[in-house]
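**Q** Here are the chains, one letter per residue:
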Amino acid sequence: MVDVSPPLVSIEHVHVQFGPLMAVRDVSFQLRGGDLLGLIGPNGAGKTTLLRAIAALQPTHFGTIRILGETLQPDAPELLSHVGFTPDTPAFYDELTVRDFLRFIGTGYDLSRRETDERIDFWLEKVWLTEKAETKIKGLSRGMKQRIGIARTLLPNPSVILLDEPSAGLDPAGRVQFRQLLCNLRDQSKALIVSSHILSDMGEYCTHAGIMSQGRMVQFGTVSHVAAHGSDGRCRYTMTLARPVNGLKETLADIENLKGVNIDNQRVIFEYLSGADHSAKLLAELVKRSIPVASFAPNTAGLEEAYLRSGIRQVD
Amino acid sequence: MSSTSTVPQLLDYDSRSSSSRFIMFNNPIAWAHFKVRGGWKNHLWGTGGYLLLVTAVIVVTMRLNPIGAMLTMWTTAMLGLQLAVFIPYGGTMISNAIRRDISSGLLESHRLMPVSSGTAIFGYLVGPTFQAVCLAAINFIIGTTTATLSGISIDTWLMVNVIVISFVAFLWVGFVFAAFVSKNAFGILFGLMMFTTIGSSGGVMEMVPALNVLITPLIGNSIFSLIQRGGPVATISYAWAFIAQLVFGSIFYLGAMRRYRRDDVPALGVTLGLLLLAAWIVTSAMGIARSNEFIYVGTLRRPVEYLSRSVPIIATLLSGMLLGLAAISAAARASAEWMRTLLASGRRPGDRPVSPLLISCLATLIVFPIVLVLKPRFNVQARILWPAFIVVLSFFVSMNYLLRIFYRAGRKAAILLAMWIILTWLVPIGLDALRHTQLSSDDRPLFSLASPWGELIDLVSARPTGAVFGLIFQAVIAVVLAALFHMAEPNARVLLAASDVK
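Sequence lines, in order, name chains A and B. Under this note's numbering, think of the first position of the first sequence as 1, with each following residue one higher. Under this note's numbering, think of the first position of the second sequence as 1001, with each following residue one higher.
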């Protein structure tokens, strides 16, 4: 079924330039309500700059950004109220209590005191900080501050949510709960863009993925589309050996269709044909060549695979 | 789950009237800074403590020295405290609040909120300074009491306070603007203010008449002398000063609004830059024409002999040439960025910015008419008019091309520009100064004519050289820089034609 709902975010040929450096180059895409885009790329790829441009914090030198169909301008504050942005390190007035800081944000978004307090209670519960409401922010840990940053973004209930490295600083339980929160927001027909380096997580909650490199969006589409892109019926395998083997690289190179061998002590990664039959045939071949296989697994097609296949090696 | 309404509900976002944002506690920025400084608790304790302290000191001094003049002295002292509370204390609070929000990244958080930049700037004016306002209210109440008891006219006391408030409002807006522009803005601005008034014993004030007008409440017929001598208020001087402060304050407010919204743009831009330049020249002209009213009397209250009127004219020309760089620099930067984006993207990046050369010509037309102020009293006007025009135009045209070359190369233009100005303004004068130590005192200027400063001084001197060497030299520099720029600049028309094909 074709999605005919109007796009909440529309990016057309956006360029962002810092002096002679083109940080974002000709990026275009659209997101509708319920879309959750995961942005992937190495340091300096332009992910944060793109997020800041969509939040009108970074001027674009060319191209158009539309939010809810209206062209974004830094001096159009009413439109900006529909965009929420959490930077990788959110800023606070540390002397204020969590509640007072969020009240300040509520005042900034023209919410009444009663409505602000209701929303504060709701979001503090969602980010598991209810008991810290009257604590001064300076006394909180980094992970807690990260959660307040998320609550600050969600307090005005924006329809477009931009999160830059949101799970950095969260503990494992926090990450799981955060994933659930993202899924809830996605299901409420909001458009979300999340930049993160935890690709395995992103594969679970994102509907779309975009791989950026040197300011360009080198791949964009649904997660399954991006994950399958360029695989050519092949996938990576991870094998663990029971003991080190001399001349392993040469042995493996002799096996037909096996490429890209990377040996790290007793852990071996390589590329081979995907599919259960091919996996079984390969395992048999390895055993036949007396390779002491302790464990052997094909990596299923995912964002991590797609990212590594794209040839961009440095992950931030 | 009322707080997680869906998109259609968000489209009906209800916004209260923006005018209510100008009430302090509806203004989020003001409210936050009020709370950061401890809210009502800290403010009330601070104000109560101050009231007790000042009252106790007054009572003790009155008991030790119970003469009538003591109350008059305390009224003047309360005025001094009023200025101290407003200017160094209030100014520091404003500057610290803004710099902190910028450096911590909170400013970006503010920018995301649906708060207009005008409202935000108002918040920075009233939020961090709330304590200063409370202390000033105490000063006012105590001052009113001492003025009443010592027989000083209450009308005079009220008038003085009105003058102080309007002056302080202007200064605070200046501090806000400066804090958005520079990290050490308050220190620089306050230091400059102290140097021009007290540090140089008024020397700078005498030369730069626009400053005399703007700082009128503190100098000349100052508010202090107003209290001491009593009598009618020289309303007209303060009215002119108020108008000048209002104009400059408005320009700074708009500049601060620009920087609040975007920190990648010049604070003033082309239009505000030209407006500031025009305001400076008009205020200078007023200061020169009405020099008797705006005369600086120095810190020791001794009238200082006013310099020859040609000195303020030269100083205004030179300061105008420097101020004009704000508009020209903004135009040059916009032009360079437009061309850079065109080259990088191969697409037409919106409308072409206004020509920096045109802005240079406009700036010249604004600056050089200051020479006409000489007309009624001096014969040098005719002699200086066209040479001054050539000096100013050559300088602005040179700077326009130089800035475009710097911006195109992506360099830090401000530093290179400062070096260029030192090289072309001061070095030639220094060379002549060196010559004069070697040769006789009758030796005529030579190198200094190559400097705009030196050339202007020579034009108004008692024995001008009449040499056109300096004028030709400065015009040649402008032509050479223009040639250098255009030799390396890609043809915009060709690029635009190619982008249109795309």
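Be aware that one or more of the hints could be misleading.
Claimed, not checked - Quick list of in silico lysine-lysine cross-link-like pairs, DSSO-like style, CA-CA up to 27 Å: (1) K1035/B with K281/A; (2) K1183/B with K1035/B; (3) K145/A with K1035/B; (4) K1041/B with K132/A; (5) K1183/B with K249/A; (6) K249/A with K281/A; (7) K138/A with K1183/B; (8) K1035/B with K132/A.
Just so you know, the hints here were simulated from the structure itself, not pulled from any lab data.
**Q** Taking the hints in turn, state whether each one holds.
**A** Hints, verified against the model:
1. K1035/B with K281/A: Roughly 70 Å between the alpha carbons, so the hint for K1035/B and K281/A is violated.
2. K1183/B with K1035/B: Given that 27 Å is the threshold and the Cα spacing comes to 24 Å, the pair holds.
3. K145/A with K1035/B: holds (19 Å)
4. K1041/B with K132/A: holds (22 Å)
5. K1183/B with K249/A: Violated, at about 59 Å.
6. K249/A with K281/A: holds (19 Å)
7. K138/A with K1183/B: holds (24 Å)
8. K1035/B with K132/A: holds (18 Å)
Hints 1 and 5, counting from the list given before, are not met by this structure.
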